[in-house]
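Here the structure of chain A is known, so what remains is to put chain B in place on it, guided by the hints.
Chains A and B, in that order, give the protein sequences.
FYI, our numbering numbers position 407 of the first sequence as 407, with every residue one higher than the one before it.
FYI, our numbering numbers position 408 of the second sequence as 408, with every residue one higher than the one before it.
Treat the hints as calculated values from the structure; they're not laboratory data.
Don't take each hint at face value.
As the list claims (entries may be wrong) - Calculated pairs, EDC-like style, for lysine to aspartate or glutamate (alpha carbon to alpha carbon, straight line, at most 16 Å):
no.	chain 1	residue 1	chain 2	residue 2
1	A	Lys199	A	Asp222
2	A	Lys20	A	Glu155
3	A	Lys2	A	Asp25
4	A	Lys448	B	Glu37
5	A	Lys448	A	Glu155
6	A	Lys448	B	Asp461
7	B	Lys448	A	Asp51
8	B	Lys448	A	Asp461
9	A	Lys419	A	Asp461
10	B	Lys440	B	Asp423
11	B	Lys419	B	Glu393
12	A	Lys128	A	Asp185
Said to hold, decoys possible - Derived DEER-like restraints, expressed as beta-carbon distance ranges:
no.	chain 1	residue 1	chain 2	residue 2	range
13	B	Gly93	A	Phe106	23 to 29 Å
14	A	Phe106	B	Asp25	46 to 52 Å
15	A	Arg38	B	Gln381	41 to 47 Å
16	A	Arg104	B	Lys20	51 to 57 Å
17	B	Pro258	A	Asn224	49 to 55 Å
18	B	Asp222	A	Lys2	43 to 49 Å
19	B	Lys20	A	Lys2	52 to 58 Å
20	B	Lys92	A	Arg226	57 to 63 Å
21	A	Arg38	B	Gly93	34 to 40 Å
22	B	Lys92	A	Gln107	55 to 61 Å
Even glycine gets a Cβ: it sits at the ideal position worked out from N, Cα and C.
There are 2 protein chains.
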Amino acid sequence: MKQLEALFDHITSRVNVNLKPMGVDVAPYLKNAVPRERHARYYAFYALTTDHPMHFRFRSSSLSGTYFLGKTFVDRSILYKSDLRGDELKAKGDEVEFEGGRTRLFQDESFLISNSFLNKTLVHNNSKNPQIPEYFRILNTVAMPWANIHGTTTEGVYLGPFSTVDLSVMHSCVVGDFAYVQAGDLSRETIEPGRVWIKYDGLFEFDYVYPAGVVEKYVSLDGNGRLSGEFSDYLDERKEDFVPIYSSVVPDAMENVPDDAFVSLYAVIKGDCAVGHNALVAQRAHIENSRLGDGANAQENCYILNSRYDGMDVTAHGGKVIHTHLGIKVFVGFNSFLRGSENAEITVGTNSIVMPHTIIDAEEPIHVPDNSLVWGYVTRQADLDTQCISLDEFAKAKVLSLGNMRFQGDGAAFVRAFKHRIDHILEENGAYYDGSEETKGHAQKTQKVSFNILQPFQSGDATGMYPTMTIGDNA
Amino acid sequence: MKQLEALFDHITSRVNVNLKPMGVDVAPYLKNAVPRERHARYYAFYALTTDHPMHFRFRSSSLSGTYFLGKTFVDRSILYKSDLRGDELKAKGDEVEFEGGRTRLFQDESFLISNSFLNKTLVHNNSKNPQIPEYFRILNTVAMPWANIHGTTTEGVYLGPFSTVDLSVMHSCVVGDFAYVQAGDLSRETIEPGRVWIKYDGLFEFDYVYPAGVVEKYVSLDGNGRLSGEFSDYLDERKEDFVPIYSSVVPDAMENVPDDAFVSLYAVIKGDCAVGHNALVAQRAHIENSRLGDGANAQENCYILNSRYDGMDVTAHGGKVIHTHLGIKVFVGFNSFLRGSENAEITVGTNSIVMPHTIIDAEEPIHVPDNSLVWGYVTRQADLDTQCISLDEFAKAKVLSLGNMRFQGDGAAFVRAFKHRIDHILEENGAYYDGSEETKGHAQKTQKVSFNILQPFQSGDATGMYPTMTIGDNA
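This is chain A alone, in the form it adopts within the complex (with noise of 0.2 Å):
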């Protein structure tokens, strides 16, 4: 494994000399985040579609996971079971706009992952850099355990487990332990454990630390880069149920889903489930005795146990819901955790938005309102009283104090700004899917897909790493 080990000692160097000012050092978290045998023992995907371009390079890197759809360029990497997807690329001569400018790409976006280690992490586009469109940019990066990457081109970026960076641009930022941010661009930046701050410049900006000693007992990451706490002791019990799917060559497909709605093979559903039309279940989602209704979508590494979904609900990357019945278009953010339980249930009212990052761990039953926006750590209905609050009261404020969080700005705008990306994710997965060609989502787009599956070397030095690999044009 000499090859592997070189690897992780360039990849470090390259991130702590980015990082230095920062005051942070990634080697502990590199050295142990994973026993090094288990590289050469899992595999890589890609997938293949005709809807999607189809251009794949991967040099002197080491892989696991993924699924791409997208152009991609990995170089000098460690992509450990992490998910890309670049299903939202944009393509060759698409205009986009930045704060009022617009530019034309010339060529089709590409992901550029480079002397970077993401591990167990999800990364979707819509990247939001005006520098190069052209390319989404993973530069210099370490993801720990399920970090989510979306939307943000990261360089010089240190992102802790279960953080998520949201359609940002980040240079030499450190991001704590389940730490969100979407605040335009970041450079030497430290966002603490546990913040949720969305920042839109001159518009508005919400902000949320959750309080002392509660991260550390959901996520917990000690100086080796040991993951412990009840998140990963929730996912850890389910990780055996993804192992008959990734033993085979075409894992079997869940029965009687509509014609119109998608269910990934790499999903896992287990007991009584059943998905509506226009739904979308993707890669590594896990369901189990749950219901999703017409147009509903479960995300990657979402997990659904004993759930009800009414319809056109949204579980972003990462969310998991848990004895809760969720109405009419909901929406929970990423990395969100609702864990209900028999005698303590949840509900969350249609046109609820149950904000990235949200804990509600019922200790006796919890209803969220219709049209309620809910977010920090709640436990009680009376925690509600300072983290949750009405939508159109809301989008009346101009400054808002509840609890931990402080809002400043045009709630309007907020409230608009969600309202609109939650019509986009639905729109983008296909959720209004009406049988004509402009309204396919991915839920219709990605149902003819195949595999190809791509496994390391198996002795001596290159052990856990790849060789060369170009799909598609070799452009």
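Here is chain B on its own, set in the frame of chain A:
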């Protein structure tokens, strides 16, 4: 499937334009050989080891089966469930000798397959073409099911089902059903069905033709490319056994395989089987209730049932051995069919050679003595009178006529050449491995293998086709 259909048309035109002078039209064979939807159903796989050069480029083609293990270029071709084994391709700098002349390779030898359709064809290397020894060329060639292309470059060639071309060079030739040819440079030659022809210019010539009506019983191809007969019946009865293997990303390994032996994960092992030290069981071999002694090998597309091999036995590509006991160092040639039964066992004595394309379909117990050469069509012991001879006696022959067989030339040279080749095969397969690096063969070198599993497009015009792929260096 428009693109696949266009590709069939392209190959048809390229082969026909070469074979027109031979009065051959491959169109009906290509039109019906394989139901079109099957081309989308199966996948290809590329074996990765650190002991073999890594280069593969695949363009505008449809592919299933294969495992390569050598540099390979495939253009505008259809490889259907074919095995391509490049583990004996020559290396840059190797000196090659052709009939006294010598030259060195300026780069690694590569498979170059263009405008060809190979249907369940085994391609193995060790080519004998002095023109461009850097390329093992298969151009404008159609091979029907279970043909073997072995060490033979083919340009404008039609191979009938279960035929074999061996250590030859072929331009614009037609090889009949179940014919075997090893005859040096051939141009515009038609080899009749069931002929077994070995010719070494100026040294010897062996020639056998099956009696009228026999080949048709075992191999019959109608004008629409549909195969029938006892060979394909036998294979069809066993083809379901391969389904679980090809459904698994990493198929189950056989138990109790000695460290120095190799049993491919893509072989079927059923019932009570055992393999000895330095033994090799290649992919798509099918072994049931049989014991292979030390150094024995079972090559691709072998079927061995209720049989016992004493050791150092070779079953060449496509050999079928049923209710048979082989003594030590017995060679069973390409596509031979030895069918004994409980009441009519076949025994083949030590050091004997079963010629390629021999049929021993036992109606009573049949015993081939030690140190014999046996060929042709044998159903009773008495048939050996005209189809078996002691190798010592054969070595003395200058001219020999026995039943349908004619031999002329240097009998001793013929026997020597055969013995030398058997030793070469055993050596290459690692049968003589003694723990030293120099004695390693395929059994030892192929153990630490992983596979890239490549699937075709599943929808639209491109159904059944593959994107361009390059694995290994991009030169």
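Query raised in the report: Hint by hint, which ones does the structure fall short of?
Result: 1, 3, 5, 7, 9, 13, 15, 17, 18, 20, 22
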